[in-house]
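Number of protein chains: 2
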Amino acid sequence: MTLPRALAFDVFGTVVDWHSGIAREASTFVSTYLPAVSPAEFAMQWRRLYAPALRECIKGHGGFVVLDTLHYETLVQLLTTYGLEVDQLAPEALHTLAHAWRRLDPWPDVAEGLALLRRRFAVVTLSNANVALMIAMNRYNGLQWDALLGAEFAQTYKPDPAAYLSTARALDLKPNELCLVACHHSDLAAARDCGLMTAYVDRPMEYGGAPAPDAAQAQDWDWQADSFIDLARRLQVMST
Amino acid sequence: MTLPRALAFDVFGTVVDWHSGIAREASTFVSTYLPAVSPAEFAMQWRRLYAPALRECIKGHGGFVVLDTLHYETLVQLLTTYGLEVDQLAPEALHTLAHAWRRLDPWPDVAEGLALLRRRFAVVTLSNANVALMIAMNRYNGLQWDALLGAEFAQTYKPDPAAYLSTARALDLKPNELCLVACHHSDLAAARDCGLMTAYVDRPMEYGGAPAPDAAQAQDWDWQADSFIDLARRLQVMST
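Chains as they are written, first to last, in our numbering: chain A, 1 to 240; chain B, 1001 to 1240.
Note that these hints are calculated values from the structure, not bench results. Yeah, the Cβ is synthetic: ideal placement off N, Cα and C, and Gly gets one too. One thing to keep in mind: the hints can contain errors.
[As the list claims (entries may be wrong)] Computed footprint of chain A on chain B; a stretch qualifies when at least three of its residues, placed anywhere within it, have a C-beta under 8 Å from a C-beta of chain A:
no., stretch
1, 1036 to 1043
2, 1071 to 1078
[Said to hold, decoys possible] Among chain A residues calculated to face chain B with C-beta under 8 Å, some are:
no., residue
3, 65
4, 68
5, 122
6, 139
7, 142
8, 144
9, 146
10, 147
11, 148
12, 153
13, 165
14, 170
15, 172
16, 219
17, 220
Go ahead and model the full structure; you've got the sequences and the hints to work with.
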């Protein structure tokens, strides 16, 4: 197998543990306003509104809307569903909670594995996160990237092919010289349809241990690994 | 003076010494094919074709063309002016030389000063360089940024206002919360017209000691510094 010339990373789930991070960030709010709901369940319900919001934005005619804004809108939607009067809440508290997605920690293998991979490959984000969100998250958790690409750069969301193809183009690469690293089969399938190489990293705890919704879409990906350190080894990056 | 919430940097001249870098990178080619020309003069002539090429791209109707490509096109233009038969040269040698702009060193104060500034501020590029060029340059010289913004992200070149305003928008900032750091009065003037804060850093050796072409456009900028370390001090970043 030819090695890729650069690696593009999905972020939510693949790099950072959004499930426990959102539960942690939302816990005070949830215990105050929604005492019958567990923070972990709240995180799961919020994330469930994510894919439909993206699809709406891809199809919609209102122009591209950044993910920070979709997080805010889906938060309002979720709280309304829970029966809260959103107008009665402090706007500041809502904005802080919507920015919970900026304060997520990487999985334990990521800092070391990403630094290893970066020795040999340019590493960029190919995430639906907007630039301001990614900058805030990186400054929060200390991760270093060669560039932040993906949705905002492409002005559309994954799995729209333009999101993958614009990343390759910005890197001055042919699609088949770029490898997407992701824990989601659906994301990898869309990347493969665009001609990208694919590396699957298993994140069994993404949904707190529950099965992933796209488990049935598994294929034989170009590489399969159980951590970024394992991926570095498979991509022939020496650790010493 | 209120402090900015993020810093956006011009790159060629402000961060890296293109004049001596291009002279160094071109020296073998120039001594082989243009023995009557000094590499420093070659660098200066090549750079002179830069602003007209950008203006043409801003005004033109051919869509946005990345800087790597403009470097290649202006190189061919320059060599033709010197009387070389470009068709007779190895395409590989031309491409390597056009990519000389990817292999430039920072001024001596930059690595330390930028690291200091980054402790307190998000630091992004607001350069006419394309993403692939900036990634290659950063991997060559070791500089670290929070994001690569500017021309390719905006799909237009400075001094088009859209280049400055799209950078602020991507950072989720109002224009007056963002400060451009540049050694070019013309760049700072365009940023100020868009409402950005401005920090001038003096780079007297940008043209090998010759006066800068925009010296007459000097204004009282919000901050003036003679190095990135000096700028960090003026922006109240402690060095210990």
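Consistency of the hints with the structure:
1. 1036 to 1043: violated (count 0)
2. 1071 to 1078: violated (count 0)
3. 65: At 12 Å from the nearest chain B Cβ, residue 65 of chain A fails the 8 Å test, so the hint is violated.
4. 68: holds (7 Å)
5. 122: Since chain B brings a Cβ to about 5 Å from residue 122 of chain A, closer than 8 Å, the hint holds.
6. 139: It holds, given that the least Cβ distance between residue 139 of chain A and chain B is near 7 Å, below 8 Å.
7. 142: violated (12 Å)
8. 144: holds (6 Å)
9. 146: holds (5 Å)
10. 147: holds (5 Å)
11. 148: holds (5 Å)
12. 153: holds (6 Å)
13. 165: Given a least distance of 14 Å, the restraint on residue 165 of chain A is violated.
14. 170: holds (4 Å)
15. 172: holds (4 Å)
16. 219: violated (29 Å)
17. 220: Since chain B brings no Cβ nearer than about 30 Å to residue 220 of chain A, farther than 8 Å, the hint is violated.
Of the numbered hints stated above, those contradicted by the structure are hints 1, 2, 3, 7, 13, 16 and 17, listed in ascending order.
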